[in-house]
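Take the sequences, apply the hints, and build the full model.
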Amino acid sequence: MDDEEESTISAKRRTKGIMLHGCEHYRRRCSLVAPCCGEEAFVCRHCHNELKCEREQDEEKKHQLIRRDVREVVCLLCDTRQPVARECNTCAVEFGAYYCDKCQFYDDDVSRRQFHCDKCGICRVGGAENFFHCDRCGCCYSTSLRANHTCVEQSMHRSCPICLDYLFDSIKPISVLVRCGHAMHEACLQQLHDNGMLRCPLCNESTVPICNVSSIIDRP
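So for the sequence shown, full-length UniProt numbering puts the first residue at 1; every next one is plus one.
Treat the hints as calculated values from the structure; they're not laboratory data.
Hints may be right or wrong, so weigh each one.
Said to hold, decoys possible - Below, in silico cross-link-like pairs of lysine-lysine (DSSO-like), each with a Cα-Cα straight-line distance of 30 Å or less:
| hint | residue 1 | residue 2 |
| --- | --- | --- |
| 1 | K172 | K119 |
| 2 | K12 | K119 |
| 3 | K52 | K102 |
| 4 | K102 | K61 |
| 5 | K172 | K61 |
Shown next, in the form of C-alpha cells:
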C-alpha cells in the first residue's frame with residue numbers, strides 16, 4: 001500500500017459517520033461523560049441540562065453540566081470510553097469535524113463557520129472575519145457594529161428582558177438595539193414588534209434600528 005492509498009483510508013476512517021450522529025443540538029460522534037451524574041453520558045451539555053435542570057422536579061437536585069469539568073467521552077461509533085481528545089483511540093474516527101480543545105467542543109456541521117474567541121472564552125458561529133470583540137460590552141459583535149453601536153458595560157452578561165434567559169449562555173440568535181446598546185433574543189424582539197411595542201423595555205429607547213449578532217454555539 002502506497003502513501004496515497006494509506007492517506008485515503010485514514011481520511012475515510014476519520015470521517016466515518018460524519019453528520020449521522022449526535023442530538024437535536026449538535027451533530028457529533030461522541031457523548032460527554034458527566035462527572036456530576038455518576039459518570040452518565042450525554043451527547044451534549046444541553047441534553048444534560050434539559051434533563052437534570054429544566055425537567056428536574058427536585059430543586060435541590062437541579063444542576064447544569066460544566067463542560068470543562070468533563071474528562072472523558074464515549075465514541076458513538078464503537079462505544080469506547082476514553083479521555084477527551086480529537087479522535088477515538090480505538091476506531092480513529094474524528095469526534096467532530098470542528099473541535100476546540102479549549103472548550104472541549106465538537107461539531108460536525110462546519111457550515112456554521114465556528115470559531116473560538118479567547119476574550120469571550122467560548123466558541124461562536126458565523127466566521128471570525130465577520131466579528132470583532134468589544135471589550136466594554138464583553139462580547140463579539142458583527143463588524144457592522146464596530147463604529148455603530150452604543151456600548152453597555154458587559155451587555156451580554158445579563159438576562160434577556162423578555163424571557164429572562166441569561167444571554168451569554170444562550171444559543172439562540174441575539175439582537176442588539178443600535179440606539180441604546182441593550183440586547184435581547186431575536187425572537188423576543190420580534191414578539192415585541194408583533195405586539196406593536198417599538199420601545200426598549202429597559203430604557204424606553206426606540207428598538208429600531210437593530211443589528212443581529214453571532215449566536216453562541218456553546219459555552220463552558
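Each hint tested on the structure:
Only pairs whose Cα atoms come within 30 Å are accepted, and K172 paired with K119 is accepted, the gap being roughly 20 Å. A threshold of 30 Å between alpha carbons decides the hint, and for K12 with K119 the separation of about 35 Å lies outside it, so the pair is violated. Among the hinted pairs, K52 with K102 is consistent with the structure: their alpha-carbon atoms are about 25 Å apart, no more than 30 Å. For the proposed pair K102 and K61, the alpha carbon gap of about 28 Å is at most 30 Å, so the pair holds.
Proposed proximity of K172 and K61 is supported: the alpha carbons are some 26 Å apart, at most 30 Å.
Of the numbered hints stated above, the single one contradicted by the structure is hint 2.
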